[in-house]
Every structure is written in C-alpha cells, then in structure tokens.
Amino acid sequence: GAGVSQTPSNKVTEKGKYVELRCDPISGHTALYWYRQSLGQGPEFLIYFQGTGAADDSGLPNDRFFAVRPEGSVSTLKIQRTERGDSAVYLCASSLMDSTDTQYFGPGTRLTVL
Amino acid sequence: GDSVTQMEGPVTLSEEAFLTINCTYTATGYPSLFWYVQYPGEGLQLLLKATKADDKGSNKGFEATYRKETTSFHLEKGSVQVSDSAVYFCALSDLSGYNKLIFGAGTRLAVHP
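Here the protein sequences come in this chain order: A and B.
Read in order, the letters of the first sequence are residues 2 to 115 in the working numbering.
Read in order, the letters of the second sequence are residues -7 to 105 in the working numbering.
FYI, nobody ran anything at the bench for these hints, they're computed from the structure.
Only true hints are included.
Here are the in silico distance ranges between beta carbons for each label pair: (1) A:15 <-> B:70: 46 to 52 Å; (2) B:74 <-> A:54: 42 to 48 Å; (3) A:14 <-> B:22: 39 to 45 Å; (4) A:115 <-> B:44: 45 to 51 Å; (5) B:44 <-> A:113: 40 to 46 Å; (6) A:29 <-> B:43: 18 to 24 Å; (7) A:115 <-> B:87: 37 to 43 Å.
Over the 12 Å line for every Cβ pair with chain A, so calculated as not near, a few chain B residues: (8) 4; (9) 6; (10) 19; (11) 63; (12) 69.
Positions of the beta carbon are idealized from the N, C-alpha and C atoms, including for glycine.
Between the sequences and the hints, there should be enough to build the whole structure, so can you do that?
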C-alpha cells in the first residue's frame, strides 16, 4: 500500500517568507509526528498529533512554527518569517496508534532558506 | 533529558567484514530501542527494535540486544554487503506515552567490494 508522502520534496525560499509543508500519512494511521533533521544530525521531534489534536508540541522551536491536522489525516507544517537556520529536512511519520507501534517515515521535504 | 549517543562515522568496511556500530542511551526508565536505516535517496526505515531488557531485535542479518546494565543497544552484522551502505540511526522512544523518538546523530557506513 501507499506509504507516507510529503510535498514538496524540495522547497527553496527567501528569508522572511512563509512556507507550508504537507504530509499525507498512511491511511488509517491516527498518530502523526513531525521531525526536523539538520545536516549531519539525527531527526529531532517537533510535534505529535493524535487524531486532529496536537497532543505534544514541545519540540516546536518557537512561535513561528505551527502545524495543523484539521480532519485527522493530512497535516500541514507552517513556518512564518523563515530564517536561514530553518534550513533542514522536515520529516513526517505516522503510526497506527501512539503506543509502541512502529513509526513509518515519509521521504521528507528539504527546505532551503536563502 | 533522554538522549542517545552513537559512534561517529564514517565506518568503512570491506564486503563480508563484521560490523559493530555502538549505541548507548540515557533515559529515566526503560524505553523501547530502535535502529533505523536511511539508504541513499530514501526515507528512514525501521531496521529492528527491542522493547524490553535482554530482548534481541533482528532483521536482514542485523542484530542488536537491549542491555539494561550497560544502557546499550549496539548494532551488529556478521558479514556486510555493499548494499548495506547507508546511514544508521539509533533511537529510543520516550516514556511520555506519545512514543516520540529521540535519535542519535547517525553513523554512515560505506562498504566496498
């Protein structure tokens, strides 16, 4: 079946602009996670959704970052007033539920802020 | 807070050599432990996992044992192939109930014929 998909695969933007990154989880998966992977580092947790609600947003670096999942499926990560330090690969993962189920990762969106 | 430390790469091996990638963790309690792999141009894939002490995870010839006494989860393979060339990430799931993953920095493995 279809895996987690993310669009766009690459996004180049200018400092100060607004960007949206989209994640389509595996059908039926209620848990959805966003991570950020900087060059040469492991992924770092940003936010977790169970259904439509953000159960844990403790990893969002500041209030320029926001994410939604209005219908409990597709999620959008929104970054306002982008900064060069936001450049990274943004990864989305989904799992059937939030307990010990395996997280399946998408291919990521590479964001470059010039 | 919880953290994962893994050996720095790159690790360069000849085909059929023995592989060990060290991973140690710091956590309050007993989290589940994972190895994820990222092949060139692909997304992260779960390689293996262990959910309690002394459990051994295994897949594709790779193994790792959850060692509570040494807080370690070292990855091993007896005979690597060129196709094993990838970046390997050790991770733990925190005990908040939300299963968010905490990753190490990754270890790049290059296997030469």
